[in-house]
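J.: Construct the entire structure; sequences and hints are all you get.
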Amino acid sequence: MTHQTVADRFGYTRVVLRVEGLGKRFGDRWLFRELTFEVSQGQSLVVLGPNGSGKSTLLRTLSGLLPPTEGKVHISGDPRLSLGVSSIEMALYPQLTVLEHLEFVASLRDCDPRSDELIARIGLEHARDQVTSKLSTGMKARVKLAMSIQANPKVLILDEPGAALDDKGRELVASIAREQIQRGSLILATNDPSERRLATHELFLAA
Amino acid sequence: MNSSWQREIKAVFLKELNSELRTKSGLITASLFSVVTVVALAYAAYNTSLSGTIAAGLIWVSILFATIVSIPRIFLIEEELGTMDILRLTARPHSIFWGKSLFSLAQSIVTAFLLAGMFVAFVGQRIYDPTLFLVSIFGGSVCLSSAVTLCGSLVAQAANRSALAAAIAVPLLLPVVTMAVGATRGSLGAGFHQQAVNCALGLIAYAIASQAIGPGLFALVWKS
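Which chain is which? The protein sequence lines are U and A, in order. Just so you know, we're using the working numbering here: the first sequence kicks off at 1 and counts up by one. Just so you know, we're using the working numbering here: the second sequence kicks off at 1 and counts up by one.
Keep in mind that the hints were calculated from the coordinates and are not lab data. Keep in mind that the hints are not guaranteed to be accurate.
[To be verified] Derived PhoX-like pairs: lysine-lysine, alpha-carbon spacing no greater than 25 Å straight-line:
1. U/K168 with U/K140
2. A/K10 with A/K24
3. A/K24 with U/K140
4. U/K134 with A/K24
T.: Encoded structure:
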């Protein structure tokens, strides 16, 4: 993933993510190949497809968590600040509290932790000093959402964000998604019809 | 080093420290191993005077194993828990390496001095050159920590970790243990004193070299 000379690369357009000839192969099987697209500010891309089609792999490749087999991903700005990611696969430190997670990540990103604001936003004021090993799956998903939006990223990548959440949690995801589309762009992998409605563009991966 | 790097390194160090203080896994493992080893050696050496060479060898074998059972997991555990993604998304590789390296260094020094101190007290080993003894334990534990941390960081992301760890660990640890034994042996009155001093200097050089090379190597593995 490269993030240098963004202004030069993207000029006056508001493209925040550019994918060029992206492909990922495991063994002999290509999950996706020759993907080329751009995502601009105000756009939301929903990645659809059956289980095993490579939605999570595509999102992990876009995030820089997996190296692509071929092609490139360009993200506008320093990815530590301009990219927010929340996924089911990502784990939290079991021995750190909710508050410590937000402060730790903010220290690494060199940004304002906004701990009180974010903890209130995700509705975990009562659990701010609890270690995450004692939180439910849904509560952990909320903490990951808070971490992903902490630096007001230009690109927010969410992998099945509503999977472990109750109705209030899904409303939270929808409001975060709407805000993100105002601020930057959103990339979402889902099979949930309500989340699919957030899309301005769709990408379907075949199995 | 600017404040941004310092803040990142401190954050990783404190994260490791908080996790360790809450689980106490490394501390308990190293302490129990140290106590059992020293008591067993003291029992075996009861009413016997150990030569400086044998005593130095026993001290460093014990420290080596106490370090190996506790330190390499600081990278591996991130992969096992799935928390490495948080670091990959938010941190720079050099700060991760330095933060974790400083923590393992602290843990290694505490373990080494605890074990060496218990050995001297329980076995009744006489120290002829206390300064050289302290330098050898300090220098050896710094080198061991550097080598084991580097090894752990390089293999944590590999599929076949055990085989790779063994292949990397042997060439990294062999010179450390040889020099550490040489320096400690001299401080316990065996071998040539100048040779022991040379070994102590070798340990210092190894520690500097491994700390200089480690972050760069880790960054290469991290990016790939």
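J.: Decide, hint by hint, whether the structure agrees.
T.: How the hints compare with the structure:
no. : hint               : in the structure
1   : U/K168 with U/K140 : 14 Å, holds
2   : A/K10 with A/K24   : 20 Å, holds
3   : A/K24 with U/K140  : 24 Å, holds
4   : U/K134 with A/K24  : 18 Å, holds
Checked against the numbered hints given earlier, this structure breaks none of them.
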